[in-house]
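A.B. asks: Residue numbers (the working numbering), protein chains in the order written: chain B, 1 to 164; chain C, 1001 to 1788.
Since the hints were derived computationally from the structure, they do not count as laboratory data. Cβ coordinates follow ideal geometry from the N, Cα and C atoms, glycine included. Mixed in with the good hints there might be a few duds.
Facing chain C, a subset of chain B residues (Cβ under 8 Å, in silico) [claimed, not checked]:
1. Gly11
2. Leu22
3. Glu71
4. Asn75
5. Leu80
6. Glu107
7. Gln123
8. Lys128
9. Pro163
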Amino acid sequence: MQFMLLFSRQGKLRLQKWYVPLSDKERKKISRDLVQTILARKPKMCSFLEWRDLKIVYKRYASLYFCCAVEDQDNELITLEIIHRYVELLDKYFGSVCELDIIFNFEKAYFILDEFLLGGEAQETSKKNVLKAIEQADLLQEVHTHIFSTTLIFLKKKYNPGPL
Amino acid sequence: MPAPIRLRELIRTIRTARTQAEEREMIQKECAAIRSSFREEDNTYRCRNVAKLLYMHMLGYPAHFGQLECLKLIASQKFTDKRIGYLGAMLLLDERQDVHLLMTNCIKNDLNHSTQYVQGLALCTLGCMGSSEMCRDLAGEVEKLLKTSNSYLRKKAALCAVHVIRKVPELMEMFLPATKNLLSEKNHGVLHTSVVLLTEMCERSPDMLAHFRKNEKLVPQLVRILKNLIMSGYSPEHDVSGISDPFLQVRILRLLRILGKSDDDSSEAMNDILAQVATNTETSKNVGNAILYETVLTIMDIKSESGLRVLAINILGRFLLNNDKNIRYVALTSLLKTVQTDHNAVQRHRSTIVDCLKDLDVSIKRRAMELSFALVNGNNIRGMMKELLYFLDSCDPEFKADCASGVFLAAEKYAPSKRWHIDTIMRVLTTAGSYVRDDSVPNLIQLITNSVEMHAYTVQRLYKALLDDISQQPLVQVASWCIGEYGDLLVSGQCEEEEPIQVTEDEVLDVLEGLLVSNLSTPVTRGYSLTAIMKLSTRFSSVNRIKKVVSIYGSSIDVELQQRAVEYNALFKKYDHMRPALLERMPIMEKTATNGPTEIVQTNGETEPSVVEPKHPPPVTQPANQANDLLDLLGGNDVVPVIQTTLPTKPASAGGELLDLLGDLSLSGIPPMIAYNKNGLKIDFTFERANPNPNIAVITIHASNTTEADMTDFVFQAAVPKTFQLQLLSPSSNVVPALNQGTVTQVIRVLNPQKQQLRMRIKLTYTHKGSPVQDLAEVNNFPPQSWQ
């Protein structure tokens, strides 16, 4: 995979993960152009398109578009499964995920992605293992002295203010 | 200094902004606060500030001043700091900046950290954005981690190694030993990433590929793992809709593909498992189809048995009927890849493919179109063309050019009859005329001239099309050319194929003149129609009308048009005797692959025959040995034999050539010279420059005879040094009349790209008073202007 973008129906970027070296300017241009192209597509169209010299796989979940650029030899259908797996992970982590969760906890969305994919390839195919790793890593996060610090662990993660 | 506001707080605040300007103001305020906080080297809140910066960066605002802060976070001992620091590095830094190299040491330390999650962060960052220098420095650490027993780290190290290899291919060897027992792991994460690593190595290095192929354990091992995945019962951890770890299955299939390609042994070892996967996989959900898709790709690429290949094509055929358009798309793509090798098998699915032309999705339509063209053959041409022409009618503009070209190609290859061919072309020109490629106009004209018996039919149809619509330029150009050529057939109503139309000369001229004045016509089109009108002057009787039109355009603003009109005028006035010959019917053109288009470019859109059967036999046959004699006699090897070509009667063409033929003396300003004067035979040379090529000197010889007897069988030959090229055109006659009663003229064209001094050797043979005469001479007195 070369990159993954998450964006809303208004074209606002919610997550951008780049696996190829590109300057900020180039990234901005690609994001802008690709987002326009995908938003212009009708709902009945298929999830794959050729764009510039890349294969693009995208799928819409509620108000968010998940879009990946893959290489020629990559299997488009399994890429759809990868996208779906990521959505399932987010769903499990946040508990019935919605776009707001990803907006307010974007850094966590990145952490989860980084436990699932590395360098553009899947590193772990078991949902359970990915979530376990995130949980453990979250526990390592130093929490600010907060009177509710001990109870935080039992609350849903999205309400954990953490040190940020 | 109050604590900087929290991340979520900032996000909430920014989202309340109602305008872009308001948002920008908030961001600027916060950035200022963050900057001063950075300046104060505040360790406690650095993490929070960088996180906020990353949010603002995602909104599109500049955040480069946070780059160094990310590095400080990475170096911190706190896990939270590291987590945000590495994230920031991946988002804000890229390998083009030198700053990123500062990370190297931190990453090195973290790769050896006591906490595996820190090690994980380091591996992830390196594997995602590590530059070549970083990879070189840290490859050793990665290799070490590849051998650890900790599967959490091992799987990450494997993918990190993939990145290192992509960046620094020479380091591949270093990871080879560690791959030995990667596949004996039980952990799926490690298995998956190991297969990716092996795939990367095999794809990059033929040596590695050979090494892994030779390893007799590898293919069986992969086959066994795959078999376990298929046969084993439900495993909740890796299950996706009833299929066990489809990600791993797909990657194994891909590795098998690479190992089995052009290798008989490996291919044989995997035949069974491929058949098993192909037949046992559930197809109700996307995940099953993903595996089938990969299986099909593998079967087609390796040396599989024919039964397996047929199985694969049938899977694709079933895909084509699937409701899911993604599956149909994937099927069409794969079929396109295999249509060359398994043509017959794909033909069986032709009707389904043709149905896909009507699909709503653009990508599917395109693939179906490409595949349809690939499937066209002599047997199905009529049916297929009907579908494709219908598609051409209704498709989006982005397809029209390609579809039109495809139709032309297919028609040329498989047309069952000339009439069908012309009809098909007409259909394309009338429905997609403006999308047709530029080079198809000359190709079509060439095709039309070749179908001699269809000329009347063609011109009639084109004329009728023009009456309907003059906006599509390629159609108009072809039509005007044809009317110019075959206008006589049109008015005489000779058409056999269909009901001949009644049209008068004036009506035809009205149409052509209409093209000249229409706003829709491009300059090229106007050129075509003016030339067509001119040609009709020898075919129609209303010459006066044509003369008038031509003279009007002599003062046209368009230089091209003006030039043509002026020359045609000259043709009417001074050279009327040459007009019929010049404007004669075009001969059948031979198709020349490379010459055709370039000639057209030089002559402004008109087609010119490059090699043509001579209109009349050459005045004197020149067997090859004569030329060789010249060589021998002259003895040197710096002489090039004469190329004697016959000049076909050219229709009115680009101005320069016309001038050559007419040999107007006053136009060049180079003084004539006497080349030879002996025994009553005098040969004068007159010069001009060929237009447009200034390196070509055009010399006209004028041979005159002062004796009382004619010189018959007169042949003039010439040879030039090697750096020149010479072309001799046909002479006006081979009798030089006595007593200066007339001259024989002949045109020589000399190409002198190096602008060297022109020299020539000439040989004259003729019969005088019954006896043959032969003479050789050197011509060295060329005026400097002729070759400078």
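A.B. asks: Take the hints in turn and mark each one as holding or not.
C.D. replies: Hints, verified against the model:
no., hint, in the structure
1, Gly11, "11 Å, violated"
2, Leu22, "7 Å, holds"
3, Glu71, "11 Å, violated"
4, Asn75, "5 Å, holds"
5, Leu80, "6 Å, holds"
6, Glu107, "6 Å, holds"
7, Gln123, "5 Å, holds"
8, Lys128, "6 Å, holds"
9, Pro163, "5 Å, holds"
Violated hints, in rising order: 1 and 3; the structure is consistent with all others.
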